[in-house]
Amino acid sequence: MHVEIGLSHYLALSAIVFCIGVFGMLTRRNGIGVLMSIELMFNAVNITLVAFARYVTPVEITGQVIAAFTIAVAAAEATVALAIVLLIYQHHRGIDVDRINIMKW
Amino acid sequence: MLELDKLIGFVGAQIAALVTALGLGPDWVTLVQLVVAALTLIGFASVMVLGLVYAERKVSAHIQMRVGPMRVGWHGILQTLADAVKLLQKEDITPSNVDRAIYFWAPIVTFVAAFAVYAVIPFGRGLVVTDLNIGILYILAITTFGVIGLLMAGWSSNNKYSLLGGFRSAAQVVSYEVPMALAVIGVVMLTQTLSMVQIVGQQEKFYQWYVWRQPIGFLIYFVAATAEVNRTPFDLPEADSELVAGFVTEYSGMKFAMFFLAEFLNMFTVAAIGTTLFFGGWNGPVLPSWMWFLIKTLAGVFVLMWMRWTYPRLRVDQLMGFAWKFLLPLAILNILITGLFVVLF
Amino acid sequence: MSEFAAIAVFLVLGVGFVLFNFLLSKLIRPKNPNPIKQSTYECGETPVGPAWIQFNVRFYIFCLIFVIFDVEIVFLFPWALVFQSLGLFAFVEMVIFVGILMFGLLYAWKKGLLRWY
Amino acid sequence: MDTITLVFFALALLIITSALFVVTSKNIFHSAIFLIMALFGAAGMFVMLEAPFLAAAQVLIYVGAIAILMIFAVMLTARIADESIIHTNEQVPAGLAIALGLLAVILYGLWNTPLTIHGGTPPSGGGHKLGELFLTTFVLPFEVVSVLLLAALVGALIIARRDPGATPRPNDQSAEQTGA
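Chains as they are written, first to last, in this note's numbering: chain R, 1 to 105; chain X, 1001 to 1345; chain Z, 2001 to 2117; chain V, 3001 to 3180.
None of these hints come from the bench; they were simulated from the model.
No experiment lies behind these values; they were computed from the predicted model shown.
A virtual CB, placed ideally from N, CA and C, is assigned to each residue, including glycine.
Keep in mind that a hint or two might mislead.
Said to hold, decoys possible - Stretches of chain X that chain Z covers, calculated by requiring three or more beta carbons in the stretch to come under 8 Å of a beta carbon on chain Z:
#	segment
1	1003-1016
2	1109-1115
3	1174-1186
4	1209-1222
5	1252-1265
6	1273-1279
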C-alpha cells in the first residue's frame, strides 16, 4: 500500500480532533475538562492552518503566522478561563458547569 | 591528535556499508546510525553521571575538610558504581495508594526530557548528532517536560511532602525559565541564528566569546540555570528539613535512580549550554575540540558544586521575589541595551 | 524535517533505556511487600487524609504570570533573529511590545501579587 | 509504506487516541496528561509540515505553560481523586450525535472540495521568515497580541487574586491550607 500524505490527510486528522474536542466540550461536567476540550479544538485549527501554509502558500507562510497568533490567543484564553473556574470553585465549592446556572434566570 | 570526528565518520561509513550490504535502504542507514549515536550518548551520559556523583561527594568532602568515599577502589573511585549496583538490587516499594500509571511514568518522562537535549549539544568539531536550525529553542522546549515529570511524580505519590515539593519545584522552575530564556534571547540577537553549531562557529577566537558582549546576560543565565536545576542556593524543592525529599519522597530503587540520573544530566546540560552560548563551545587552541568542551563544561559543573557548599539556602519568598522583581526586569533591560547597541553601532 | 528523526530516536531510546533498567532491576531485586512498608510516608505517623488536598492560590498566581511571559518569549525569538536586518523600526516595535507587557508586571508588583506570603 | 507515511499515521494515532482519552478519562489529572500527549503529537505534525519553529513554540507554550497551569488549577480544585463523581453530563448521546454529525459534514465537504496545492520550497525553518512577517506584514496584529496578553494578565490576576482579608500572615511558610 502506498499512500502519498497530502493536504487532505492533515485536514481529515484536524477534523477528527476538532470533533473530539466538540464532543468533550459538550459532555464534560468539570470546568477544566471543558477547557481542555477547547484546547484540543484550538489545536485542530492550528494543524489546519499550518497544513494550508505548507501546501497552499509554501513560500509566504501566512498560515504559520496565524497559527502563532492562535497559540497566543489560546494562552490568553486559558489564563482567564482558568481564573474564572477558580473563582467559581471558591464561590460554589465545585466546578460542575451544569450547576453554574445563576446567570440563567 | 585525538580528533573524534574522524573516528565517528569512519564508524558511520562502516554502518552504512553494513546496512546497505544487508539490502536495506538509505532510511535504514540513517536509523541505524542514529540508534548507535543515541546508545553511545546514553553510555556517555551514564558514565559521566557516575563521575559527577563521585566528584560531588569528593568536592563537598574536601570543602568541609573531610575525605569523602575512600574504600571502594583507589580513593573511593568506584564508590558510585557500587552505589548504582546497590540501587539496582533495591526493593522497589510502591505505596499502595499511589496513582500507579502516573507514578510509573514520572521518572521516565523526567529522564527522557533530560536526555533528549543531548541530541543537539555540539560536543566537539563535527560531534553533534543533529544540528537543528531551532537548536536552542528546542532545548528550552523539551526541558519543559521535566516540569511535567516532577508534577506527575508529586501528584501521583499521594503524599503531602511529594505534592508540596513537586508544586514548589514547578513554581520555581517556571519562574526562572523566563529570565533564562530572555538571557538566551540576548545572545540570539547577536548570533542571528538558533543553531547550536553555528553559534559555536561564531566564537572561534577568545575575544569573540559572547560572554564579553553579554556579561549581564551571562550572569542572568548563570543564576537562572542554577535555579532551574534546583542547586543551592535555590534547592528549596529538596529542602530536606522541610519537605523530606520533595517530589521523590515515595520513590525507591531504580525509579529513584532515574530521578537522580536526570538531575545530574540536567546539571551537565545547563553547563554545556552555558559553554556553547557564552564561552565558545569547543573552540580552543592545541587540545582536541571535545576536550575543550569537556574542560569548559566541567568547570561550570564544578562552580555549581562549589556554590552548593558555600551558600545557604534562600527562603521561598526571597526566591520568587528575586526571579520576578530583579532578574526579569534586568533581563528585559539587557535585551533593550543589546538592541540599542546593535541598532546604533 | 529529516534532522528531527534524531529527536524521535532519542525520545524512543530514552524511554527504552529506562524501561530496560526497570526490567533489569525487576529481575534481581527482592520483592516482599507488606502493608506497613507500602503505607504513605509521613515522618512515621499514620497519614492523615489524602494528600490531594486544596492548595494555596499563590502557586497559581506565579504560574499565571509565567504563561503570559512565556508567550512573550516565543514572540521575541523570531524578532531577535531578524531585527538586525530590519533596523530601527523593528527595534521600536519590540520596545512597544515589551513595554506594554511590562505594565502587566508592574500591575502585579504594585498589587503585591509578586509577594509569596 | 515509506517513512513519511508511517510517521504520519503513528502521530495521527497518538493524537487521536490521546484526544479521546482527554474527553473520556474519569480522572481529570489523567486528562491533563493525555492532553499533553496530544499537544506533543501536534508539535510532531508541525515538524512534518516544515514548521519546526512553530513546533517548538507549541511545546514551549502549550506543554510548558498552559498544561502546567491546568495541572495547577486541577490541584486547586479538590476532589479529583474521587472517581465516583460522574464526569459527564446527560448530554452524552446528544453530544456524540453533534460531534459525529459535524465530522460527517466536514469530511463530506473535504471530499467534495478540489484542493488547490501550490508547489514551492518552504523557507528553511529557524523562524527567520516568521520574524520578518511579524515585523512587516503582520505588525499590527503583533502589537495587538501584546495588548491582548496584558489584558489577559491583568484580568486573570484580578479574578484569581485571593481575598484581601483572608490570609496575609507574614511568616506563613506552609503552602498548604486544608480545603473545605
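Checked hints:
Check result for the segment 1003-1016 of chain X against chain Z: violated, 0 residues qualifying (beta carbon to beta carbon below 8 Å, three or more required). Here's how the segment 1109-1115 of chain X fares: 3 of its residues keep a CB closer than 8 Å to some CB of chain Z, so the rule of at least three is met and the hint holds. For the segment 1174-1186 of chain X, the stated coverage by chain Z is satisfied: 7 residues place a CB nearer than 8 Å to a CB of that chain, which reaches the threshold of 3. Chain Z is given as covering the segment 1209-1222 of chain X, and this is violated because 0 residues of the stretch bring a CB closer than 8 Å to a CB of that chain, at least three being needed.
Interface restraint, the segment 1252-1265 of chain X with chain Z: holds (5 residues with C-beta to C-beta distance below 8 Å; minimum three). Interface restraint, the segment 1273-1279 of chain X with chain Z: violated (0 residues with C-beta to C-beta distance below 8 Å; minimum three).
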